[in-house]
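Student: Go by the hints and put chain B onto chain A.
Protein chains in written order, with my numbering: chain A, 1 to 253; chain B, 1001 to 1336.
What the hints contain is simulated information worked out from the structure, not anything from laboratory work.
Estimated spans, in silico, between C-beta atoms of each pair: (1) A/Gln-249 / B/Glu-1119: 20 to 30 Å; (2) A/Leu-230 / B/Asn-1210: 54 to 64 Å; (3) B/Ala-1138 / A/Leu-149: 28 to 38 Å; (4) B/Ala-1138 / A/Phe-199: 55 to 65 Å; (5) A/Val-170 / B/Ser-1144: 37 to 47 Å; (6) A/Gly-139 / B/Gly-1043: 51 to 61 Å; (7) B/Ala-1249 / A/Thr-252: 34 to 44 Å; (8) B/Glu-1136 / A/Val-203: 51 to 61 Å; (9) B/Gly-1093 / A/Val-203: 51 to 61 Å.
Straight-line C-alpha distance at most 30 Å; calculated BS3-like pairs for lysine-lysine: (10) A/Lys-251 / B/Lys-1164; (11) B/Lys-1197 / B/Lys-1164; (12) A/Lys-167 / A/Lys-251; (13) B/Lys-1164 / A/Lys-167.
Positions of the beta carbon are idealized from the N, C-alpha and C atoms, including for glycine.
The chain contents come next:
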Amino acid sequence: MSGLARRFTGMRAVLRREFHGYFASPLGYIFIVIFLIASGYLMVSRDFGRFLELREANLDALFSYLPWIFVVLVPAVAMRLWAEERRSGTVELLLTLPITLEGSYLGKFLAGWAFLAVSVFLTWPAVFQVARLGDPDWGAIFASYVATLLAAAVLLAIGLLFSALSKNQVVAFILAVAASVGFLLIGVPQTQEFVGKWFGGYVERVVSSLSLLDHFETLTRGLLQLNSLLFFVLFTVGWLVCGMLVLGQTKTN
Amino acid sequence: MTETDHPDSVPSAVAAETEAALPEADALGEVLISVADLTKHYGAIRAVDGISFQVRRGDVLGFLGPNGAGKTTAMKMITGFLEPDRGSIEVAGIDVAADRLAVSRRIGYLPEDAPAYGEMTVEAFLRFIAEARELEAADEAIDSVLETAHLRSVRGQTIETLSKGYKRRVGLAQALIHDPDVLILDEPTDGLDPNQKAVVQDLISSLSANRCIVLSTHILDEAERVCNRAVILSEGRILVDSTPDALVAQAPGHNAVRFRVTEGDAAEVAATLSAADWCAGARVLPGGEVEAEPRDGENRLNDVLAAVGEHRVADVRVREGRLDELFRDVTRGVAA
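So that you can see chain B by itself, here it is in the shape it has in the complex:
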């Protein structure tokens, strides 16, 4: 904790971007991943373009971004599978380029699509991972991850016979077997059905205490559910580094009020609302409902109800900003 007491232990560039989003300095854990100016080209394509960030113990950082944004490439470099063209990565204070083996002992990694040896049973596969990691209490470790990942019932089955949800949990189990400080999960819920997604998301949430987790996803609800930090990547650059809550508040249409006019003219109500100075615009939706969007993103329910006046309304609700709208706005800006 002592190092985090010094405000200058956070590089200024990162601090400036995340200041608003992060909690008080003394609540922060130690820095477990520190990435500076990370760059990787594939031929002429710049997959990752000078990104810098830090992740602390207790953080669940979500990498968001369209396909090809550089999420997977960045993760592969953090785990040491790919060598960066430029920039540095430290995991738990160890330079990845200098000592990949030491780093690999601190990281649990779930690669995209959770590859595993299909012909092996779940238990034999985990035993191989335990052996490769030179775990001393392998049996206990295997038992414990079978329990954590709810895999007891399939421990003797070959992995190729398992459903996608189980396979993904096998991938999580191998990533957890050595109780690592750092978890890197590349699209942990991609391609799963909603029930399987929920199981894996709950599992990730239960793991987040006392670790640092970096996961990539293009499902924005997932980022809201699981992450306490969200980084939006596009074309290899960090566009936003914030919290999911802060992103929701910035999203277009946050705190817009929607209601149905039961007695009176909806168009007239909309016109009245549009004239108010706090209102960014009000319109009648195709279904007959009226939606009024506040200029400043604050909750203006009282103003709306006051403006409605004599008219009678029903089904009044305040809408939350939608992350995917913000995401589209932000990433479109780059593509254009």
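So here's chain A without its partners, still in its complex pose:
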């Protein structure tokens, strides 16, 4: 077995268990229903997406609000993953099986991500509708789905970190929401203006380059730019590595 594969020993078993776990309880279904209602409402609402008023064959009305829905819902998907293991003591069982900490961590991440992907792809009726009513830009829709999944990944990695940090699911949830909101607020124009005014243009550019919303928007416009893709990948990996380091410390508490 190669060194890297060995490092992630047991990932597949954990991934399968956790993914099935979402559908073993009503929680997973409730999550999907809430997600679809919220995304559908924001899409057609006159105050937000104005999909019906715009009369355009694109899905910006859907995708531009998904990060804000994720801020609440992704921490809900993540909160159980480690907090519950640590509260019930099963973490000791898990990490004395032939499963590495990295393998189980990545397995849980991928399970949560796969579950979020299922939820996101259940928005297909919207795609179906724009295809029926007009001639949408398929490249932009594809890129938007990629962007949505990448945004879900980075927020999930944040949620997982807080789940590894606190044994209490509610605490993990609240901290993850707060951190995710903070991460998103870096990108709103008001924040950038404020930073620019106080710290100058250079800092403003740095801060705006860290904006999840900006990179998300770049991608949803259909531009699969390397720096935006790298932003999501690097931040996801960074949060995952932080989470693994945290879990290494907290697993025995």
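Tutor: Frame of chain A; chain B shown alone:
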């Protein structure tokens, strides 16, 4: 077997402590767990303080000790869940610090309170463990442990709906699924009712052939029933490493003779017995019975009956030493 033919394959420190207790050298199995100078601190507290021991195939070693003695910490280090501050652990010849994964494939571990995923059914849970262990014949392995742990009737139930006794057996089943050489069981019967305890103890006894089992308990009867070696830990140190039988023989009051005087004066009989040179003391108990304790722990029933002489006695019995009294004596000595 060849390695055990050499007397120096046993480190001298361990050999000295266990020499009297263990059977002849050629009856010993291979060493499956070898712990040397194991130490672990939690902050300023020394949870495990330089313990060394070996466990061989066929051994059932009981870790005895008061709460906080370091039993659980020691077990967590053997399974690789905790890293020791100092010392080495080898399981089946593999260094735990160097290759935890390889060790985990040789160990079956029941953590304290038998944690399991409550929302899963017994069968799904065992399937997950089988998958994590990459068992090739998973179905056969699951069937076999369901049978061994008497779980067939609840295989489709979610674990959170099971009684404590069943849950503990689910924990044992997951520990056994890969037929490991080494079983580490942390308080396998704690919190169970007497019937459930008996079931789990019988199960453990039936598993002991051809394996090595380390279990922790603070129930001394259990150690007597299940274990062939008993290690008493207190404040992170090994105080005694012996067999339960040898411990019983050392226990205070072992072979004390108790009887009722039906005709005559009990106090007088007690006084006569106390005067005998083999007798450590004789007294009249609150219930009116007389108890005579031998100085050397040998069975002195004949001497007692001879000393009783003309008096008539009834309900004569020889008492066994009580492990819990020895346990209290030994562990109190450390605490003081």
